[in-house]
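Sequences listed follow chains A and B, in order.
According to the UniProt record's numbering, the residues represented by the first sequence are 1 to 175, in order.
According to the UniProt record's numbering, the residues represented by the second sequence are 1 to 175, in order.
Hint data in this document are derived by calculation from the structure and do not stem from the laboratory.
Certain hints may be false.
[Unchecked claim] Not everything, but these chain A residues come out facing chain B in the computed CB check (under 8 Å):
| hint | residue |
| --- | --- |
| 1 | Pro-3 |
| 2 | Tyr-111 |
| 3 | Met-112 |
| 4 | His-114 |
| 5 | Lys-115 |
| 6 | Ser-128 |
| 7 | Ala-135 |
| 8 | Glu-141 |
| 9 | Asn-142 |
| 10 | Leu-144 |
| 11 | Tyr-171 |
Glycine is no exception: its CB is placed at the ideal position from the N, C-alpha and C atoms.
There are 2 protein chains.
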Amino acid sequence: FFPSRPCCIEALLAEAAEPGAPARPCPCPLPSGDTALSRLVRRLLSARRSLDLCLFSFSCPQLARAVQLLHRRGVRVRLVTDAQYMGLHGSQIGRLRHAGIQVRHDQHSGYMHHKFAIVDRRMLITGSLNWTTQAIQSNRENVLVVEDAEYVKAFQDEFERIWEEYNPANYSFFP
Amino acid sequence: FFPSRPCCIEALLAEAAEPGAPARPCPCPLPSGDTALSRLVRRLLSARRSLDLCLFSFSCPQLARAVQLLHRRGVRVRLVTDAQYMGLHGSQIGRLRHAGIQVRHDQHSGYMHHKFAIVDRRMLITGSLNWTTQAIQSNRENVLVVEDAEYVKAFQDEFERIWEEYNPANYSFFP
Numbered sequence: 001f002f003p004s005r006p007c008c009i010e011a012l013l014a015e016a017a018e019p020g021a022p023a024r025p026c027p028c029p030l031p032s033g034d035t036a037l038s039r040l041v042r043r044l045l046s047a048r049r050s051l052d053l054c055l056f057s058f059s060c061p062q063l064a065r066a067v068q069l070l071h072r073r074g075v076r077v078r079l080v081t082d083a084q085y086m087g088l089h090g091s092q093i094g095r096l097r098h099a100g101i102q103v104r105h106d107q108h109s110g111y112m113h114h115k116f117a118i119v120d121r122r123m124l125i126t127g128s129l130n131w132t133t134q135a136i137q138s139n140r141e142n143v144l145v146v147e148d149a150e151y152v153k154a155f156q157d158e159f160e161r162i163w164e165e166y167n168p169a170n171y172s173f174f175p
Numbered sequence: 001f002f003p004s005r006p007c008c009i010e011a012l013l014a015e016a017a018e019p020g021a022p023a024r025p026c027p028c029p030l031p032s033g034d035t036a037l038s039r040l041v042r043r044l045l046s047a048r049r050s051l052d053l054c055l056f057s058f059s060c061p062q063l064a065r066a067v068q069l070l071h072r073r074g075v076r077v078r079l080v081t082d083a084q085y086m087g088l089h090g091s092q093i094g095r096l097r098h099a100g101i102q103v104r105h106d107q108h109s110g111y112m113h114h115k116f117a118i119v120d121r122r123m124l125i126t127g128s129l130n131w132t133t134q135a136i137q138s139n140r141e142n143v144l145v146v147e148d149a150e151y152v153k154a155f156q157d158e159f160e161r162i163w164e165e166y167n168p169a170n171y172s173f174f175p
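Take these sequences, add in the hints, and give me the full structure.
In structure tokens form, the structure reads like this:
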């Protein structure tokens, strides 16, 4: 459950970037203890092969750095987001696209309101939490981590449906 | 998964209000088949003792009618919501309070962003879905139904924490 205390995840990111490298303490004043955010980052960084993200709103720079790191490490990252929210101030979508990550979005007036991630097609992370600093630090939020194959498959199927539906080849700019 | 086709839930509500009464067909033109919304309503109406709701935004009149019906049937309904969203146009919170249902809300600038319901302290209904007609009919949304005691307990505990924290006796209008 969130809100999470503000915390530093540099140590987690550094360890994931260079496993076994000597830890260099981060100069920032934030504590680096166990928080809801650090637990979420840890689950994401456990990805070895794939990370499928379906996120209404993504503006948290810390989570964007974790996703970029996985992409650099060769994990196949796919990201679906909402067309209206991807352009808002602070959105990390442009940065992630620039880094070479595949992003697709809806073309509808309805929202793509999901907030879930699937790690290696086996771990589902879902809940009320948008990936924004406000949600992480200020809101009452929940995140469920589920490894039950039945639930994971239902969300993976939903992801693949949306991924195909939002394929740019299917855009109809003049409906 | 949502969106759901628009549908009529009058038959479900009538059956819950008067079990066994002869079905009177509703004159509205909407289909009354099996949809994501009708499945959600069916789960809610299965409540016999208690319904604990923790909802960021609640403006869907159909769901409000289901909740009122449970209240009239003697189910103990408690509702926690977000202070900023409860007053928006179309919100059902006033109507539910007027019907005698206990409602509490936060006093913070952060959102009470949960969207979950617990039926009879044994069934958790949670996901990305706000209880609004737009979300139900237009958005890509997910709702999970979980009866695993471990998950239900975690959410029930979170509900009780928030219920106490938002007790009007604790209000501090001049912090």
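Hints and how they fare:
Because the closest C-beta pair between Pro-3/A and chain B is about 6 Å apart, less than 8 Å, the hint holds. Taken as an interface hint, Tyr-111/A checks out: its beta carbon lies about 4 Å from the nearest beta carbon of chain B, inside 8 Å. Because the beta carbon of Met-112/A sits about 5 Å from the nearest beta carbon in chain B, less than 8 Å, this interface hint is met. With its C-beta approaching chain B no nearer than about 5 Å, His-114/A sits inside the 8 Å limit, and its interface hint holds.
Of the supplied interface hints, the one on Lys-115/A holds, with its beta-carbon coming within about 5 Å of a beta-carbon of chain B, less than 8 Å. For Ser-128/A, the suggested interface contact is upheld, since its CB lies about 5 Å from the closest CB of chain B, less than 8 Å. With a least beta-carbon distance of about 7 Å to chain B, the hint placing Ala-135/A at the interface is held under the 8 Å criterion. Given hint, Glu-141/A at the interface with chain B, holds; its Cβ is 5 Å from that chain's nearest Cβ, closer than 8 Å.
Interface restraint check: Asn-142/A against chain B, minimum CB-CB distance 6 Å, threshold 8 Å, status holds. A cut of 8 Å between beta carbons decides the hint on Leu-144/A: the least distance to chain B is about 7 Å, and the hint holds. Contact between Tyr-171/A and chain B, as hinted, is not supported at the beta carbon level, the nearest pair being about 17 Å apart and thus beyond 8 Å.
Violation of the numbered hints given earlier is confined to hint 11; every other hint is satisfied by the structure.
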